[in-house]
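Line by line, the protein sequences give chains A and B.
Numbering-wise (my numbering), the first sequence opens with residue 1 and increments by one.
Numbering-wise (my numbering), the second sequence opens with residue 1 and increments by one.
Worth double-checking, as some hints may not be accurate.
[Stated by the list, open to error] Here are the computed lysine-lysine pairs in the DSS-like style, where the Cα-Cα straight-line distance is at most 27 Å: (1) LYS90(A) / LYS139(A); (2) LYS84(A) / LYS139(A); (3) LYS83(A) / LYS137(A); (4) LYS34(A) / LYS76(B); (5) LYS37(A) / LYS76(B).
[To be verified] Some chain B residues judged to face chain A by a derived CB distance under 7 Å, without partners named: (6) LEU14; (7) ASN15; (8) VAL20; (9) LEU21; (10) LYS24; (11) GLN25; (12) ALA26; (13) HIS55.
In short, the hints are calculated from the structure, not lab data.
Note that the Cβ used here is the ideal one computed from N, Cα and C, for glycine as well.
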Amino acid sequence: MGSLPEIAVLDELINLRLDEILSERLGKMLTAMKANKTPSMAIIATGGTLDTGYLPFILSATAAALGWNASVFFTFYGLQLLKKDISDLKVSPLGNPGMPMTVPFGPRWFRDINWEIPNAIQAFVPGFEAVATSLMKRKFRDNGVANLTELRHLCVDAGVHLVACQMTVDLLGFTPDDFIPEVTEYAGAATFLPMARDADVSMFM
Amino acid sequence: MSTAHDFDIDARGLNCPLPVLRAKQAIGHMQRGQVLRVRATDSDSVRDFGAFCRHSGNESVSFEENGGEYIFYLRKT
Chain A
1 MGSLPEIAVL
11 DELINLRLDE
21 ILSERLGKML
31 TAMKANKTPS
41 MAIIATGGTL
51 DTGYLPFILS
61 ATAAALGWNA
71 SVFFTFYGLQ
81 LLKKDISDLK
91 VSPLGNPGMP
101 MTVPFGPRWF
111 RDINWEIPNA
121 IQAFVPGFEA
131 VATSLMKRKF
141 RDNGVANLTE
151 LRHLCVDAGV
161 HLVACQMTVD
171 LLGFTPDDFI
181 PEVTEYAGAA
191 TFLPMARDAD
201 VSMFM
Chain B
1 MSTAHDFDID
11 ARGLNCPLPV
21 LRAKQAIGHM
31 QRGQVLRVRA
41 TDSDSVRDFG
51 AFCRHSGNES
61 VSFEENGGEY
71 IFYLRKT
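Chain B extracted, bound-state conformation (with noise of 0.2 Å):
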């Protein structure tokens, strides 16, 4: 199932922190409200894009985990 997104990263292949860092760079250029979709193979960015909607204050919306690939949906606020 695939949620509705404005901006989409691939981050595939990226290890820590660049998902991360990728993400917050697409959110800067973003409007509230919108959307983005990351894609991630990184496990260790499950966590770090928690601790990054908690410090943040930017909301995670939903997450979905297929075959080792992770997708995050975050909203700017």
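Extracted from the complex, chain A is given alone in its bound form (with noise of 0.2 Å):
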């Protein structure tokens, strides 16, 4: 069979020519795909207080701000955001050494000392948590920061999907008429998985 040999080295050649044709046509057209697939981002809000609060809000208002779908799935203390009115949230400043204890207003001398109050103190003082909240609402608003309940409204506007994570709804013995009627969805882990496998960001926070 004199003509084996030849077979063989055609189909070589033929393979090395598709693969490299291949190879060309596909990442054209995976650039063209990426391109045109609007992008989206999927994140988990597990945080209730008044600092965890911004950072679902601030990502997913920015990003249905860019033109992406945006969703995020509020699971245990984060169901706390989507309750209609949102402007009672504390920050707390015990057992959380990273938040810098200082106070918006006085001289500038005055603004720059870190008041490093013991953890046993901050437990003991009566009304530390709500003090230390009101002035941290305040350096918010010194700093234009948008305050939480408006920026929940910018995502509604924008079309962030708000799901509620039915499970822990339950748990904590909410119910949808505790929450803003833009929730839309009261859903599990089956629904958000899918939702986090086609986004290209996905988040826990």
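Dock the two chains into a complex; use the hints.
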């Protein structure tokens, strides 16, 4: 069978050429597909304090402003962020050594003092958390940072998909009546995971 | 020099990401081709509006800086 080696050589040449053409075409197709796809983001929000509340709202509102599809899955304490009134959310400096304890008024030298107050005293003094929260809110306002309610409103306005974790809604004793009507869905892990799989950016907060 | 515009947003004194979010909100209520003026004092907003236009597809018509004030003109596309 004298022709067999020729076929083998031919096959190899064809394969080589196919590899070249295919990788070039696939590269072009993938680039075009990526450019045409609307980027998407899926966030899990677990924190229910004033400071942690900013993270999902700032990022999802900004993503939506850029034209992305953004979804936030609120679970455990993150559900606090969906309550009708979120103006009473607090920040706690207790056991939070990363939080600078500064006062947002008075002369510069006074503002620059970092009041390192021991945990035991923070825990003992009634109203410490409320004072820290109002100082934080004032700092936000003085720096032109959005308030949380406004930021959430911007998210709703921009079409951010707000999903409440049904299991933790039940677990923590909430009812849909406690939350804003703009919650788009009450769902579970099996709903979030496919969203996260398709998302270009997925984050846990 | 001021460019003609149909809508105006005063985002002076506001911090990231509010200028961009306010602009996006306004653009949502505008017709295609209309121009929005945004005034901001947050220096980061210069970069943010660049990214906003690139990603949202809206057109940056012009930009001015005037004594710490940043003025953006954006056209809805």
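Hint check results:
1. LYS90(A) / LYS139(A): Between LYS90(A) and LYS139(A) the Cα gap is close to 14 Å, so the pair holds against 27 Å.
2. LYS84(A) / LYS139(A): The hint holds at about 24 Å.
3. LYS83(A) / LYS137(A): holds (19 Å)
4. LYS34(A) / LYS76(B): holds (23 Å)
5. LYS37(A) / LYS76(B): holds (20 Å)
6. LEU14: The hint holds - LEU14(B) has a Cβ within 7 Å of chain A, the shortest such distance being about 4 Å.
7. ASN15: Given a least distance of 4 Å, the restraint on ASN15(B) holds.
8. VAL20: holds (5 Å)
9. LEU21: holds (5 Å)
10. LYS24: holds (4 Å)
11. GLN25: With Cβ-Cβ at 6 Å, under 7 Å, it holds.
12. ALA26: violated (11 Å)
13. HIS55: Holds - the Cβ of HIS55(B) comes within 7 Å of chain A, reaching about 4 Å at its closest.
Checked against the numbered hints listed earlier, the structure breaks hint 12 alone; every other hint is satisfied.
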